[in-house]
Amino acid sequence: MGKWAEVYCSCPDRHPLCNSGWECEPHRRKRRLTARQREERQLWEQTTKDMYECGHRNGCLLEFWPGPIIQLGRLINSTLGKTGYDFPIFARVADWRSYHDELLMLPTDEARLWLFEVDAVWRLLEEGRPDDAINELLATLHDEDSELRLSLEKQLSEIKSNIPFARVNPFIESVRKSKRPDLQSAIDKVVEALKDARRLCLASIQSGNPIRLLW
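Position 60 of the sequence shown, counting from 1, maps to 60 under the working numbering, and the rest follow consecutively.
It is worth saying that the hints were derived from the structure and are not from the lab. None of the values given here were measured: they were computed from a predicted structure. Heads up, some of the hints might be wrong.
[Said to hold, decoys possible] PhoX-like, lysine-lysine: derived pairs with alpha carbons at most 25 Å apart: (1) Lys49 to Lys30; (2) Lys3 to Lys195; (3) Lys3 to Lys189; (4) Lys82 to Lys195; (5) Lys82 to Lys49; (6) Lys189 to Lys82.
Generate coordinates for the entire structure from the input sequences, incorporating the hints supplied.
Given below as structure tokens:
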């Protein structure tokens, strides 16, 4: 399955709105829907699908794709880890071998420790000097994102050459218009990953439930 991060809520009314799942979907067995029926199904997807009585979708206080956090954890381990700094939670999050049956559970006490690590990286980012390991991390992140973009452009071009009828032009145009990775985009990506990690930690502390990371 794809990578995912979530923290369950602890609401007293944490019960699915629809116990039978897809059986509650309006007009589920119909192949052709009227405009009104499509609107009803769309409204159901927005307000009821996977919702719990407490108002949390999937019964989660927080859930999102943790790709940037995992990438940051891997780079922290290979750069800041060499300087004597210790970031064991980031290292575990980034190491697929820490996951059992594709799941890593971080209880609340470890979420508190991870929050200390997040703050430590944040301080290094704010206080960084040209000779600091944080700059090696940013440079490595920039290089990885640049290589990923070039690889994507190459793959799309090859598809277009080998399969002329493939509808890849919109994707190619989207990649060309997107901002090319630079140092500032690397900094922004680290900041956003740190914010997301902090959100997971605070959600765990608030709910008393572990952070669930799925690989």
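Going through the hints against the structure:
| no. | hint | verdict |
| --- | --- | --- |
| 1 | Lys49 to Lys30 | holds, 18 Å |
| 2 | Lys3 to Lys195 | holds, 18 Å |
| 3 | Lys3 to Lys189 | holds, 18 Å |
| 4 | Lys82 to Lys195 | holds, 24 Å |
| 5 | Lys82 to Lys49 | violated, 47 Å |
| 6 | Lys189 to Lys82 | holds, 22 Å |
In the structure shown, a violation is registered for the earlier hint numbered 5 alone.
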